[in-house]
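Protein chains in written order, with UniProt numbering: chain A, 1 to 277; chain B, 1 to 277.
Worth double-checking, as some hints may not be accurate.
Given that identical chains are not distinguished, each listed pair holds provided it fits within a single copy or across any two copies.
Below, a list of computed lysine-lysine pairs in the PhoX-like style, where the Cα atoms sit at most 25 angstroms apart [unchecked claim]:
| hint | residue 1 | residue 2 |
| --- | --- | --- |
| 1 | Lys198 | Lys270 |
| 2 | Lys254 | Lys69 |
| 3 | Lys259 | Lys69 |
| 4 | Lys198 | Lys250 |
| 5 | Lys254 | Lys96 |
| 6 | Lys101 | Lys81 |
| 7 | Lys69 | Lys267 |
| 8 | Lys123 | Lys271 |
| 9 | Lys166 | Lys198 |
| 10 | Lys267 | Lys123 |
Because the hints were derived from the structure by calculation, they are not lab data.
Protein chains: 2
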Amino acid sequence: MKIAVVGLGLIGASVSKGLLDNGHEVYGVDIDQDAINYCEKNKLISKGFSDMGEVLEKCKIVLFSVYPKTMISLTEKYIDKFKKGTIVTDVSGVKKEVVAKMQRLLPTDVEFVGVHPMAGREKIGAEYSDPNIFKGANYIITPTEENSPSALKLLEDIGIELGFKKISYLTPERHDEMIAFTSQLTHAIAVALVNSDKDPDTYNFTGDSYRELTRIAMINGDLWSELFLENRENLIDRIEEFQERLDIIKEALKNNDRKTLITEFEKSTKKRLTLEK
Amino acid sequence: MKIAVVGLGLIGASVSKGLLDNGHEVYGVDIDQDAINYCEKNKLISKGFSDMGEVLEKCKIVLFSVYPKTMISLTEKYIDKFKKGTIVTDVSGVKKEVVAKMQRLLPTDVEFVGVHPMAGREKIGAEYSDPNIFKGANYIITPTEENSPSALKLLEDIGIELGFKKISYLTPERHDEMIAFTSQLTHAIAVALVNSDKDPDTYNFTGDSYRELTRIAMINGDLWSELFLENRENLIDRIEEFQERLDIIKEALKNNDRKTLITEFEKSTKKRLTLEK
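Okay, chain A solo, but in the shape it has when bound (with noise of 0.2 angstroms):
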């Protein structure tokens, strides 16, 4: 199938070359003239364009892979050009305004289906770009109404052929939701613990714990800012709900109550260890 991706960084460009393993034909856009080079060069998409418009009477399938706010500004730039039956998708970690839009935005016979593919890594660029990172992780579709089963069953076999382990369908409403837990919530985590270090020497004394717990504190600002703020009432409701809970083991702290801190440690364990079957 011939397939546009629309931005070559890592993702992009780590979707593109696990779509070219799989047999389709990838044209990679991009506005960085570098970054087609590397994707040809380095036999990561079929052919590289650095105008959208090109590409978008040639394919079935159109993903981008730029930011939330670009993918809406190309659309509308291009508005025109879009080829009827062609379905649309992108790989945004936020998804209820984004769908909306999209789905307001594109013509009746275009249709946009979000996707949101669990994988990264925090370095940006195809140079990083790896298909092996969708291995195991988690697929998620976001379906509304608008969607149409042959659309979402092409989304979800591309998933498979990328090698996801889990593909699940969630409203973009309810993606927004668990994703203000799993990933904002952790990341604006890994940042304030980060940046409440006023100690010159910590580095010297870190353990496992520490640098697990802030390899994600090193993050795309101009990336993440904007998903936090497209989602932002939900992540508010998650930071206060981790700072009740902190709170519990602040106040038994200073109250010397050792029941309740293991009361805490043992629902933790049992709750995480869910996780590890």
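Using the hints, position chain B against chain A.
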């Protein structure tokens, strides 16, 4: 050298095997006969004892690998059996109170040196022991004015033999300040994060970041509640500093303040990158 290791749990058995591999004679002590049998059968110790009194007169070094309070009560119980010139050490994750108490308790011709090997696993028991957990990890010696250069050198040599990458000296007070941040705060955060989750479906939608961040939420409640309370003042301060920093992110979300989010993300990225080197 003849070394007594008191407490054949995960750390005690790992240390024992590491010392045995370096040619020492290791006498393992535990009240649990099954632990002794396991360690003897798997050649993790030279010989096992259920009564600590029996080994005190044989050994140059006595290494406690039990909870801080248990070390103190065992020392009180066997106080008359410690041989002149013995070096006593431990593996506790908190130092200020523990080192002061042990140095006060022991006779002047028996020397206590605090050591914190910064390694561990989310499992308990000799069955999960592995001397490789020390390879590449941090090893902190916490001397006081009462320690002799020769005893410190002895403990340093043991750290080297066990394969620790970095051996540091910190006062017990400074150690506890540091560990409140790099170890205890991270555990408090992981526990609070897991316990704040109210959604039964969460575990179907986790990525690597959530799994890494919450690994240490599987925690030995008896041990860690003791460690937390022994270091409560430092830990309360670190929790509050972390909360202030998380509030900055929360307020930025409430105010739709992208600039502050980007500033926080750039700061954490830059700071955390120094740990990658």
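Requested in this report: Classify it for me, Lys198 with Lys250: is the Cα-Cα distance of at most 25 angstroms met within a copy, between copies, both or neither?
Outcome: So Lys198 and Lys250 pass the 25 angstroms test inside a copy (20 angstroms) and across (20 angstroms) alike.
Query raised in the report: Is it within, between, both or neither when you check Lys198 against Lys270 at 25 angstroms Cα-Cα?
Result: Cα proximity of Lys198 and Lys270: across copies only (14 angstroms, versus 33 angstroms in one copy).
Query raised in the report: 25 angstroms Cα cut-off: does Lys254 pair with Lys96 within a copy, between copies, both or neither?
Result: between (41 angstroms within a copy, 18 angstroms between copies)
Report task. Could you figure out if Lys69 and Lys267 sit no more than 25 angstroms apart (CA to CA) within one copy, between two copies, both or neither? Result -> between (40 angstroms within a copy, 24 angstroms between copies)
Query raised in the report: How would you classify Lys267 and Lys123 at a CA-CA limit of 25 angstroms: within, between, both, or neither?
Result: between (35 angstroms within a copy, 16 angstroms between copies)
Query raised in the report: For the identical chains here, do Lys101 and Lys81 meet the 25 angstroms Cα criterion within one copy, between copies, both, or neither?
Result: Answer is within: at 18 angstroms inside a copy they meet the 25 angstroms cutoff, but 78 angstroms across does not.
Query raised in the report: At most 25 angstroms between C-alpha atoms: does Lys166 with Lys198 qualify within a copy, between copies, both, or neither?
Result: between (41 angstroms within a copy, 22 angstroms between copies)
Query raised in the report: Within a copy, between copies, both or neither: where do Lys254 and Lys69 come within 25 angstroms Cα-Cα?
Result: between (46 angstroms within a copy, 20 angstroms between copies)
**Report entry** 25 angstroms Cα threshold - placement of Lys271 relative to Lys123
**Finding:** Answer is between; shortest inter-copy Cα gap is 15 angstroms, intra-copy 31 angstroms.
Query raised in the report: Is it within a copy, between copies, both, or neither that the alpha carbon of Lys259 lies no farther than 25 angstroms from that of Lys69?
Result: between (49 angstroms within a copy, 16 angstroms between copies)
Hint violations for this structure: none, all hints satisfied.
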